[in-house]
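The lines below spell out each chain.
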Amino acid sequence: MHYIEPHAHMVSRTTADYQQLAMAGCAALCEPAFWAGYDRASAQGFYDYYRQLTEYEPARAAKFGIPHYCWLCINPKESEDAGFAREVLEIIPEFIDKPNVLGIGEIGLNKNTKNELAIFEEHVDMAKKYDLPILIHTPHLEDKLKGTKLIIDALKNAQVDPGSVVIDHVEEHTAGIVLDAGFWAGMTLYPESKCTAARAIDMLENFGMENIWMNSACDWGISDPLAVIKCALEMRKRQHTFKAVQKVIFDNPARFLKQCKNFKMPETP
Amino acid sequence: MPTKTDILDLYFMDSRAKLLDIASYLDRLDRHEGEIDFRHEGFLNALQTMLETKENRTAAVLNTLSDHSETPIERATIQVAYGAPGASK
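These protein sequence lines are chains A and B, in that order.
Counting the first sequence from 1 gives a position; our numbering is that position plus 31.
For the record, in the second sequence the residue sitting at position 11 is 3 according to our numbering, with numbers rising by one throughout.
Since the hints were derived computationally from the structure, they do not count as laboratory data.
Beta carbons: idealized from backbone N, C-alpha and C, even for Gly.
It cannot be assumed that every hint is accurate.
[To be verified] Pair ranges (Cβ atoms, derived):
1. A:Arg286 / B:Ser7: 26 to 36 Å
2. B:Ser16 / A:Pro130: 46 to 56 Å
3. B:Phe30 / A:Lys180: 16 to 26 Å
4. B:Phe4 / A:Arg117: 50 to 60 Å
[As the list claims (entries may be wrong)] Keeping only pairs whose Cα atoms sit at most 30 Å apart, straight-line, the calculated BS3-like set for lysine-lysine is:
5. A:Lys261 / A:Lys278
6. A:Lys289 / A:Lys159
7. B:Lys46 / B:Lys(-4)
8. A:Lys268 / B:Lys46
9. A:Lys160 / A:Lys180
10. A:Lys268 / A:Lys292
11. A:Lys261 / A:Lys289
12. A:Lys94 / B:Lys(-4)
13. B:Lys(-4) / A:Lys278
14. B:Lys(-4) / A:Lys268
15. A:Lys187 / A:Lys278
16. B:Lys46 / A:Lys180
17. A:Lys274 / A:Lys261
18. A:Lys187 / A:Lys129
19. A:Lys129 / A:Lys274
20. A:Lys268 / B:Lys10
21. B:Lys10 / A:Lys261
22. A:Lys261 / A:Lys159
23. A:Lys289 / A:Lys129
24. A:Lys129 / A:Lys278
25. A:Lys292 / A:Lys160
26. A:Lys129 / A:Lys94
27. A:Lys187 / A:Lys160
28. A:Lys274 / B:Lys(-4)
[Said to hold, decoys possible] One-sided excerpt, in silico: chain B residues whose CB lies under 7 Å from chain A:
29. Ala51
30. Arg67
31. Ala68
32. Gly75
Isolated chain A, as found in the complex (with noise of 0.2 Å):
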């Protein structure tokens, strides 16, 4: 079975996990642009991190013949220093032409404050100008639900089409604002925060499969890349046929991506 993995932070992985995805099936994978671990001391540093997501990571996928995608922005974390975050936004269009660029991502909120909203803002407007869908990462545990609706507001009142938008990382107490408001889905499998694989398929049986996708968001955390292809067997576990798993794991991801002008179906038997 063939998947495409939405939301993978390779920069923190090894090259044997990139073996191991093309093993398990990975026809293509996207790398937003994310908070290293620690704050960078300089703009310069995101000029080198934007340099190793369009250069040296499509090259390292390409090696097991994995597509490699990624997106661009400043992380919400370092977005809290908004003058800080405003110099590395001013880097962005440099690289939007490069021919992986997807969109403008992962953006959001960290701990829902003011800056971080205006850091957010600022960068719906870059997506907008440059015409790119976006990638939004929500808050974490007791953050998420009040980032969400933060989220939300600020897309509806920049009128964003919310087609061209996924909001990542959702779980039961959000998924359904989410796609009640039109947006696309995403949730991410997580041995210890965010969800399960027994709870993403709760979720698609209880909120439907339709703009909806999941990922691994692998990254140097407690995280699996291989967590998508694991969730497609434990719906086959569930009883859910060949090609709703399919549905899942390659058809909607794809449809969204077909939105991104870089993207190329990825080959398949």
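Once you have looked at the hints, place chain B on chain A.
For chain B alone, coordinates are given in the frame of chain A:
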């Protein structure tokens, strides 16, 4: 679609193990020295919510463990989240 028996076969043992882990965690917390904080109160509230709710229990538990304020805060004093509301208390 699977029957209730299928779901029991798939998830009962896993859920039983998780339930025992919660019971052991509560005993462990009681047994050790020191003070509890806002996280424990949130956890107990969430347990109560789960037992009292008859449908959509996961969403109800998550809502119990969420910050329900509606306006952005002035500035971040921490970068992390703790899993229960009340860190600033």
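Hints versus structure:
1. A:Arg286 / B:Ser7: 26 to 36 Å: holds (34 Å)
2. B:Ser16 / A:Pro130: 46 to 56 Å: holds (53 Å)
3. B:Phe30 / A:Lys180: 16 to 26 Å: Distance hint for B:Phe30, A:Lys180 holds at roughly 22 Å.
4. B:Phe4 / A:Arg117: 50 to 60 Å: holds (54 Å)
5. A:Lys261 / A:Lys278: holds (15 Å)
6. A:Lys289 / A:Lys159: Holds, because 17 Å separates the two Cα atoms, which is no more than 30 Å.
7. B:Lys46 / B:Lys(-4): holds (17 Å)
8. A:Lys268 / B:Lys46: holds (26 Å)
9. A:Lys160 / A:Lys180: holds (24 Å)
10. A:Lys268 / A:Lys292: Violated. A:Lys268 to A:Lys292 sits at ~36 Å, over the 30 Å cutoff.
11. A:Lys261 / A:Lys289: holds (25 Å)
12. A:Lys94 / B:Lys(-4): violated (46 Å)
13. B:Lys(-4) / A:Lys278: holds (25 Å)
14. B:Lys(-4) / A:Lys268: The hint holds at about 14 Å.
15. A:Lys187 / A:Lys278: Holds. A:Lys187 to A:Lys278 sits at ~28 Å (cutoff 30 Å).
16. B:Lys46 / A:Lys180: Holds, at roughly 25 Å.
17. A:Lys274 / A:Lys261: Roughly 16 Å separates the two Cα atoms, so the pair holds.
18. A:Lys187 / A:Lys129: holds (29 Å)
19. A:Lys129 / A:Lys274: violated (34 Å)
20. A:Lys268 / B:Lys10: holds (20 Å)
21. B:Lys10 / A:Lys261: holds (20 Å)
22. A:Lys261 / A:Lys159: Since the Cα atoms of A:Lys261 and A:Lys159 sit roughly 36 Å apart, the hinted pair is violated (cutoff 30 Å).
23. A:Lys289 / A:Lys129: holds (17 Å)
24. A:Lys129 / A:Lys278: Judged against 30 Å, a Cα distance of about 29 Å means the pair holds.
25. A:Lys292 / A:Lys160: Given that 30 Å is the threshold and the Cα spacing comes to 15 Å, the pair holds.
26. A:Lys129 / A:Lys94: holds (19 Å)
27. A:Lys187 / A:Lys160: Holds, at roughly 16 Å.
28. A:Lys274 / B:Lys(-4): Status holds; Cα separation ~23 Å.
29. Ala51: Check passed: Cβ of B:Ala51 comes within 4 Å of chain A, closer than 7 Å.
30. Arg67: Where the cut-off is 7 Å and the nearest Cβ of chain A is about 6 Å from B:Arg67, the hint holds.
31. Ala68: Since chain A brings a Cβ to about 4 Å from B:Ala68, closer than 7 Å, the hint holds.
32. Gly75: At about 5 Å, which falls below the 7 Å cut-off, the nearest Cβ of chain A leaves the hint on B:Gly75 intact, so it holds.
Comparing the model with each numbered hint stated earlier shows that hints 10, 12, 19 and 22 do not hold.
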